[in-house]
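A.B. asks: Residue numbers (my numbering), protein chains in the order written: chain A, 1 to 328; chain B, 329 to 600.
Since the hints were made in silico from the structure, they are not lab data. Treat each hint with caution, since some may be false.
Claimed, not checked - Covered stretches of chain B, as calculated for chain A (at least 3 residues, CB under 8 Å):
{"#": "1", "stretch": "343-352"}
{"#": "2", "stretch": "444-457"}
{"#": "3", "stretch": "526-536"}
{"#": "4", "stretch": "540-547"}
{"#": "5", "stretch": "552-561"}
As the list claims (entries may be wrong) - Residues of chain B placed beyond 10 Å of chain A at every Cβ, according to the derived structure:
{"#": "6", "residue": "Val355"}
{"#": "7", "residue": "Glu371"}
{"#": "8", "residue": "Ile381"}
{"#": "9", "residue": "Glu387"}
{"#": "10", "residue": "Pro391"}
{"#": "11", "residue": "Gly409"}
{"#": "12", "residue": "Val423"}
{"#": "13", "residue": "Tyr438"}
{"#": "14", "residue": "Thr464"}
{"#": "15", "residue": "Asp502"}
{"#": "16", "residue": "Ile503"}
{"#": "17", "residue": "Arg506"}
{"#": "18", "residue": "Leu577"}
Cβ atoms here follow ideal geometry from the backbone N, Cα and C, with glycine treated the same way.
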Amino acid sequence: MRVVAFLSSRAFALFLLSVSVAVLILRVKRPELYSPLFLLIPASLFLSLVVCTARRLRGGRKDVRFLGSILFHGGLMIWVATLFASPLVRFSARLFLVEGMVIGMEDREAVEIYERPFLGGAPPLFSFLLRGYRERYEEGMYPVEYTAMLSVGYMDGDRYRTEEKRIRINEPVDLGGYRFLFESSGWAPLFRLRRDGEVLFERYIFLVSITEEEDSFKIDSAGLEVFTRFFPDLFMEDGKVGTRSRVVRNPAFGIKIAREEAPFVDIYRGVLRPGEVAEVDGMRLEFVDLRPFVVLLMVRDPLYPVVFAGWGLGVVGLLFRYGPWRRV
Amino acid sequence: MRTLEGLFLWMAISLYLGCFLLSLGRVVFRRERLGDLAWRSVEGGFISHTLTIAVRWMESGHPPVYGTFEHALAGSWFIAGIHLFLERYLQRTRVFSLVVSPFVMLMLGYGIMGGQTGIEPLPPPYRSLWLWVHVTFGWITYGSYHLAAGVAVLYLLGTGRRLPRLLRRLPEPDIMDRLTYRLIVYGFISHFVMVGSGAIWAYGLWGRYWGWDPIETWSLISWIVYGINIHLRVTYGWKGRRAAWLAILSLITIIITFGGIGFIGGIHTPLL
Chain A
1 MRVVAFLSSR AFALFLLSVS VAVLILRVKR PELYSPLFLL IPASLFLSLV
51 VCTARRLRGG RKDVRFLGSI LFHGGLMIWV ATLFASPLVR FSARLFLVEG
101 MVIGMEDREA VEIYERPFLG GAPPLFSFLL RGYRERYEEG MYPVEYTAML
151 SVGYMDGDRY RTEEKRIRIN EPVDLGGYRF LFESSGWAPL FRLRRDGEVL
201 FERYIFLVSI TEEEDSFKID SAGLEVFTRF FPDLFMEDGK VGTRSRVVRN
251 PAFGIKIARE EAPFVDIYRG VLRPGEVAEV DGMRLEFVDL RPFVVLLMVR
301 DPLYPVVFAG WGLGVVGLLF RYGPWRRV
Chain B
329 MRTLEGLFLW MAISLYLGCF LLSLGRVVFR RERLGDLAWR SVEGGFISHT
379 LTIAVRWMES GHPPVYGTFE HALAGSWFIA GIHLFLERYL QRTRVFSLVV
429 SPFVMLMLGY GIMGGQTGIE PLPPPYRSLW LWVHVTFGWI TYGSYHLAAG
479 VAVLYLLGTG RRLPRLLRRL PEPDIMDRLT YRLIVYGFIS HFVMVGSGAI
529 WAYGLWGRYW GWDPIETWSL ISWIVYGINI HLRVTYGWKG RRAAWLAILS
579 LITIIITFGG IGFIGGIHTP LL
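Next comes chain A alone, as it looks inside the complex:
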């Protein structure tokens, strides 16, 4: 009985809330010190809420405000419970899709799986095709729309099905039991590196497409690191290089190449347009092609409705608790 009394005491609840604040601040300020052991705090909070609510329900007072308090704390319990249950059932992955190329779930370079349901089986067998990518800017600078058509092929029982939908940022689509979200997009160059006719490297690279930001990638087979800056609408005047707008009209990459063992010494510096070639140390770096790419999130979270039911319960509970009701 003493344990139950302690767990349901207000002092213990306040102590747990205060510790939660301390742990959350630690999580923001010193994330490296965060440990999964800290999950004991929400677990204790859940236990305290359950015991306290059960005791209060057995108590005498029953009015609208009491009901509101119970509903609110019930909503909180659902929230805390889903914190623990979510990793057991959630699936999430990030897909890097280049326009016009079919990608399968097994493609390790284009698909990164972050969460697999603990209780689930193998990742689903999907194939993806992106086409009709479009981006729109106001005054050539301010993005107002990114959109593309997404085709998804998947096994539905013993039948192979294909569905196609338009995707946009903020407008997720549901296909084959999964939710697909347009996260970001950009322009992927296809670079090919040759030495004496032998191809050492050939890939579409997902690089940052904002001119203000530099990006880089490594070519391990040649021991090189390539630093890039994208100019969607290149201009070159008096030795200066820049972009007139963010609209892809005259695309080019500013390129710096260094050896991996000496990253601060450039062995090549220049600007490459699609179809152009850079001669580096007896090698040829070809800028073969430029295509748009979209980063998609693929998610399945069966607990999603439960989380928001908990939230709705909490809001209703607070309104009952603090609304202008009279005790009945």
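Once you have looked at the hints, place chain B on chain A.
C.D. replies: Chain B in isolation, oriented as in the chain A frame:
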């Protein structure tokens, strides 16, 4: 910033400044007429403030939700609006202008100093109906907690020994204490709606309702802190000076949460 918008904005700042000076004059010289003028001034400031927002909204085609300047513009409008709203229902709260008007003025100044006064279209991630719910309740939360702390400051001043003259101009301490509590509860409910609506929006944008982004985490921290605040009042009977100090100290978490938007980084800092 365009000419008309700038004109209304500077008019609002001038009227808020006038309100502060007149409120101060009322307290120091005990002239009721100055109090009336101060109130007219804050009303005029609020009208100009509203017109600034309206003009900007019409020109940009979206509510003021993007960038430091727009956040300051909207946040301070909510604080001034809640202050005016309170006066309709509670007697003798006009004197709160003494703390509200300089704060609103400082917020507007901070927004202008931020240098993002130009008009930009909303980037695609912001084009969601949930943005309206999230941001509106965010600003109600912000305004309520700030006013609660402001009333708590006046409570401390009014019940202190050093300023007995001021005490006569303020509402009864008991009213101020209850008002602080009610504003905190009001903020707490709005805060909960803000967090939930943000989570729904995030699920449609990033496929998850919670991402441990610094601003998200600070928002949760401040919500728990205000939850503790309410618990201490309701279950432990905290009130008076202790509760007033608590209301003021709790505001630190809100200042970090809202002040951090655009500075701390993470998903709440516009990138696209």
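A.B. asks: At 10 Å, judged by beta carbons, does Arg506/B keep clear of chain A as stated?
C.D. replies: Label holds. Min Cβ-Cβ 13 Å, cutoff 10 Å.
A.B. asks: Per the coverage rule (Cβ-Cβ under 8 Å, at least three residues), is the stretch 444-457 of chain B covered by chain A?
C.D. replies: Holds, because 8 residues of the stretch 444-457 of chain B bring their Cβ atoms closer than 8 Å to Cβ atoms of chain A.
A.B. asks: Grab the minimum beta-carbon distance between Asp502/B and chain A and tell me whether it stays above 10 Å.
C.D. replies: holds, 19 Å
A.B. asks: Taking the minimum C-beta separation from Leu577/B to chain A, is that value above 10 Å?
C.D. replies: Holds: least Cβ distance 12 Å, greater than 10 Å.
A.B. asks: When I compare C-beta atoms, does the stretch 526-536 of chain B have three or more residues closer than 8 Å to chain A?
C.D. replies: holds (count 8)
A.B. asks: Once the closest CB in chain A is found, is it more than 10 Å from Ile381/B?
C.D. replies: The claim holds: Ile381/B sits with its nearest Cβ about 21 Å from chain A, beyond 10 Å.
A.B. asks: Using Cβ atoms and 10 Å as the threshold, tell me whether Val355/B really stays out of contact range of chain A.
C.D. replies: Fine: 33 Å to the nearest Cβ keeps Val355/B off the interface.
A.B. asks: Take the stretch 343-352 of chain B, compare each residue's beta carbon with every beta carbon of chain A, and decide whether three or more fall closer than 8 Å.
C.D. replies: violated (count 0)
A.B. asks: Gly409/B clear of chain A by more than 10 Å, beta carbon to beta carbon?
C.D. replies: It holds; Gly409/B is separated from chain A by about 21 Å at its closest Cβ, greater than 10 Å.
A.B. asks: Go check the stretch 552-561 of chain B versus chain A for me, would you? Three or more residues, Cβ under 8 Å, otherwise it fails.
C.D. replies: Result for this restraint: holds, n = 6.
A.B. asks: Over 10 Å from every CB of chain A: does Glu371/B meet that, or does the non-interface label fail?
C.D. replies: holds, 28 Å
A.B. asks: Per the stated criterion, does the least C-beta distance between Tyr438/B and chain A lie above 10 Å, as a non-interface residue requires?
C.D. replies: holds, 23 Å
In summary, the structure is inconsistent with hint 1 from the numbered list given earlier, while agreeing with all the others.
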